[in-house]
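Undergrad: Residue-level listing of the chains:
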Amino acid sequence: MELPAKTFRVTRADLVRYAGASGDFNPIHWSDRVATKVGLPGVIAHGMFTMALVGRAVAEWAGAPDAVVEYGVRFTRPVAVPDDDQGTEIEVTARIREVTEDGLTRLDVTATCLGDKVLSQARATIRTAR
Amino acid sequence: MSLDPSFVGRTYPPTAPYQVGREKIREFATAIGATDAAHHDPVAAQALGHPDVVAPPTFPVIVTMAASRQIIEDPALGVDYSRLVHGDQRFAYTRPVVAGDELVCTNTIEDVSNRGGHGFLTTRTDVSTVAGEPVVAVWARYVIRGEG
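So the protein lines, in turn, are chains A and B. Sequential numbering from 1 applies to the first sequence in our numbering. Sequential numbering from 131 applies to the second sequence in our numbering.
If you are wondering where the hints come from, they were derived from the structure by calculation, not from laboratory data. Yeah, the Cβ is synthetic: ideal placement off N, Cα and C, and Gly gets one too. Each hint can be trusted.
Now the stretches of chain B that chain A is said to cover, found in silico as 3 or more residues with beta-carbon under 8 Å:
id: 1; segment: 167-179
id: 2; segment: 187-193
id: 3; segment: 216-223
Pulled a few chain B residues facing chain A out of the computed Cβ check, cut under 8 Å:
id: 4; residue: Glu157
id: 5; residue: Phe158
id: 6; residue: Ala161
id: 7; residue: Ile162
id: 8; residue: Gly163
id: 9; residue: Ala164
id: 10; residue: Val184
id: 11; residue: Ala196
Next comes chain A alone, as it looks inside the complex (with noise of 0.2 Å):
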């Protein structure tokens, strides 16, 4: 079973509030010419950005914010971000691979910006709402 897309608006100004949030003030989150120099395309997100809003998807999907038993994922691609207002876009959906009899729920989640997978092996264990 499918679960609804849910999609996320990624700015510059998200990245700068994450860095400060997070503690990650890695500069090829904020300067271009740091990213550019190390050979990416300009400011890339923080993966693990990227994994907090999916997380965020998956306690939404979940219906609880402590709901969340087991969660991973595999960085694939770099989320890069345009320093304009619209920033990028990450799209998430889901489909429920497994209810277990304990009362489990097994997703395998997908994440993509502009149609590319930028996570693999995205699983999440979540409680089964009642």
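Since the structure of chain A is provided, determine the placement of chain B on it from the hints.
TA: Structure of chain B alone, referenced to chain A:
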């Protein structure tokens, strides 16, 4: 430079306690757009059976990323930070982190390998309270890109 596989299984001394603040959880939740009341309002969190506001699922990375410097900056292991790429991240929760927790991290090197000129490092961080109650286990896999 390749990574030394003899580091597999090495466990580091527990880190100094990290005090989880209510405002830090609110700040983190706001930064990721998580608006559920349980992240912001202690009364809403208490209605779900928690003592104080509940952290979003990836919040523990604030604590574990700082703690993992023990490994990444271990001169004996010799990771070149400028070539480090975050490959995988996984969390297995005993319970959510809540405001008021005092968290201690115990880092273990779970896997080290070298393939195709790149180094691969998997770390496991067991996050528990100062009283020894397990909260979340966190795995990270890093790729240390080879030169050239």
